[in-house]
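Order-wise, the sequence lines are chains A and B.
Each residue of the first sequence is one higher than the one before, starting from 4 at the first, in the numbering used here.
Each residue of the second sequence is one higher than the one before, starting from 4 at the first, in the numbering used here.
Any given hint could turn out to be false.
As the list makes no split between identical chains, a pair holds if one copy fits it or if it spans any two.
Cross-link-like lysine to aspartate or glutamate pairs, in silico, DMTMM-like; alpha carbons within 25 angstroms at most [said to hold, decoys possible]:
(1) K275 to D166
(2) K105 to D92
(3) K105 to E162
(4) K58 to E252
(5) K275 to E162
(6) K58 to E276
(7) K105 to E18
(8) K58 to E273
(9) K105 to D86
(10) K105 to D166
(11) K105 to E164
(12) K58 to E14
(13) K275 to D86
(14) K275 to E164
(15) K275 to D214
(16) K275 to E255
(17) K275 to D92
(18) K105 to D214
(19) K58 to E269
Derived from the structure by calculation, the hints contain no laboratory data.
Now for the letters of each chain:
2 protein chains.
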Amino acid sequence: MTPATAAVRIEEGLESALGRADLGLAPPGLMAAVRHAVFPGGARVRPQLCLAVAKACGSDNPALAEAAATAIELLHCASLVHDDLPCFDAADLRRGRPSVQKAYGAPLALLAGDALIVLAFSTLAQAGAGAQTRLAPLIQVVCRGVGMPNGIVAGQAWESEVDPPLDLYHQSKTGALFVAATMAGALASGSDPYPWRALGERLGLAYQAADDLLDALATPQEAGKPTGQDSAHLRPSLVAQLGLRGACERLESLVGECMDAIPPCEGSRELKELVALQATRLTPKGLARSAA
Amino acid sequence: MTPATAAVRIEEGLESALGRADLGLAPPGLMAAVRHAVFPGGARVRPQLCLAVAKACGSDNPALAEAAATAIELLHCASLVHDDLPCFDAADLRRGRPSVQKAYGAPLALLAGDALIVLAFSTLAQAGAGAQTRLAPLIQVVCRGVGMPNGIVAGQAWESEVDPPLDLYHQSKTGALFVAATMAGALASGSDPYPWRALGERLGLAYQAADDLLDALATPQEAGKPTGQDSAHLRPSLVAQLGLRGACERLESLVGECMDAIPPCEGSRELKELVALQATRLTPKGLARSAA
Numbered sequence: 004m005t006p007a008t009a010a011v012r013i014e015e016g017l018e019s020a021l022g023r024a025d026l027g028l029a030p031p032g033l034m035a036a037v038r039h040a041v042f043p044g045g046a047r048v049r050p051q052l053c054l055a056v057a058k059a060c061g062s063d064n065p066a067l068a069e070a071a072a073t074a075i076e077l078l079h080c081a082s083l084v085h086d087d088l089p090c091f092d093a094a095d096l097r098r099g100r101p102s103v104q105k106a107y108g109a110p111l112a113l114l115a116g117d118a119l120i121v122l123a124f125s126t127l128a129q130a131g132a133g134a135q136t137r138l139a140p141l142i143q144v145v146c147r148g149v150g151m152p153n154g155i156v157a158g159q160a161w162e163s164e165v166d167p168p169l170d171l172y173h174q175s176k177t178g179a180l181f182v183a184a185t186m187a188g189a190l191a192s193g194s195d196p197y198p199w200r201a202l203g204e205r206l207g208l209a210y211q212a213a214d215d216l217l218d219a220l221a222t223p224q225e226a227g228k229p230t231g232q233d234s235a236h237l238r239p240s241l242v243a244q245l246g247l248r249g250a251c252e253r254l255e256s257l258v259g260e261c262m263d264a265i266p267p268c269e270g271s272r273e274l275k276e277l278v279a280l281q282a283t284r285l286t287p288k289g290l291a292r293s294a295a
Numbered sequence: 004m005t006p007a008t009a010a011v012r013i014e015e016g017l018e019s020a021l022g023r024a025d026l027g028l029a030p031p032g033l034m035a036a037v038r039h040a041v042f043p044g045g046a047r048v049r050p051q052l053c054l055a056v057a058k059a060c061g062s063d064n065p066a067l068a069e070a071a072a073t074a075i076e077l078l079h080c081a082s083l084v085h086d087d088l089p090c091f092d093a094a095d096l097r098r099g100r101p102s103v104q105k106a107y108g109a110p111l112a113l114l115a116g117d118a119l120i121v122l123a124f125s126t127l128a129q130a131g132a133g134a135q136t137r138l139a140p141l142i143q144v145v146c147r148g149v150g151m152p153n154g155i156v157a158g159q160a161w162e163s164e165v166d167p168p169l170d171l172y173h174q175s176k177t178g179a180l181f182v183a184a185t186m187a188g189a190l191a192s193g194s195d196p197y198p199w200r201a202l203g204e205r206l207g208l209a210y211q212a213a214d215d216l217l218d219a220l221a222t223p224q225e226a227g228k229p230t231g232q233d234s235a236h237l238r239p240s241l242v243a244q245l246g247l248r249g250a251c252e253r254l255e256s257l258v259g260e261c262m263d264a265i266p267p268c269e270g271s272r273e274l275k276e277l278v279a280l281q282a283t284r285l286t287p288k289g290l291a292r293s294a295a
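Chain A extracted, bound-state conformation (with noise of 0.2 angstroms):
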């Protein structure tokens, strides 16, 4: 499988979830909003992830492989449609054009963002039903990747609270729902999931760096979406606490323990080649000038 093709399954998967949320009978306004928040996508990193794990381990189920993708990448933009809500970073664009909620309002935005979440969770069951096994570790592990204690819920949480630990708002924030992907990816094929953590969580980590960077470096034109939040915002971040060198330094150290932490395995080459493009993708252009 090559990353095309997995590209075009993953399409073909969110097309294919988005058609059963719909079946002529939704609400129009809000089929709208959601099909806006899924198409077209970004760089679809946590499927493609997901898939190439399960592909990995042998891959003797797809379609269930596909269904924890889609899902994942469902609630990927669950997350963004919410973040971009008046009430947190209230932003007007996103992926390079009108947010959700800019372009439907905050109503909908909002039941837009539930939608999402409610159909991962029914995308896992229709595939999981020939698989039984396996469907209820798989929930389970998604719903660590987005839910409390330590999912990507609980990491806005920490932006609530006063002098969060760094460590866990950054895990919890991106790193979770990598985790949930290699893992799920595993899970899907009915692997031992524990192996592949260390991949997402070191893969999470190595986004974040970049995406704190992006924020701090990136012009909102090149990022598609408002930069400079998190000085704005006063969020914890990699650049404040480490200095704009120190960030890029820790985001080069990341990518190389990305590579050690894939597992011994057959489908080991493509995954490398995977992180390796992802590595070339997460240097934001800005990134790119300034150390120069």
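Keeping the supplied structure of chain A fixed, place chain B upon it in accordance with the hints.
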């Protein structure tokens, strides 16, 4: 199982779910907001109904029935928390005390709702690990109750449409979660859920009728929440459609339909008592006064 025993099981199930959400690791503000959303509860009608149907169907897996009841109540609480946000009702009062958004602010209220949705599914998955053939259909039924195209999220979204279909709006906004409660109770006991759909539908419509009357007739003190919201927001309501007298007659007729919708089963007597008890509760004091 008396209603009192069921009530204890419901509170214990919710307490246990919140314990798993915390584990001493969750952000304290988020945990407090989630707890505020769930305790003290309202009438816990939906989980009572779920447990009563599970018992009527033989209740061979009480842990799974309890998980289903817990999940449905968590989802109901999530919907109330999100309903009260500034972009919807901006309600400061819920169950006679400050709403979650009033007590903890909109960001934590938004996240608390999201966390409750995820917790509902992890509760199902935890109990469903030992009942694998039942888990997938159980999750599907619960998802249909809350998500798209016709769950409570869709019901809320119909409020953003011009001239929404009133039956579909009410069926989605309130009926869908009652249908999920009855069908999930049957599924948790390994029974065919479809004979239980009509009871959930009729109960949901009765609740919506009662809620419309409460909104039109009760004071905020009597209702424990802001009233007069339907007319203030120009929402479609049974009172607007049929007038006060017509809405009262419709409620009375729906209670009768609920009784008729209980399928023949061993536990039908207890279920009829539960419906009768709720029918008495449904009549708001103001409604009784105006009928006098």
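Looking back at the numbered hints, which does the structure fail to meet, lowest number first? Result: hints 1, 4, 5, 13, 14 and 17 break, sorted rising.
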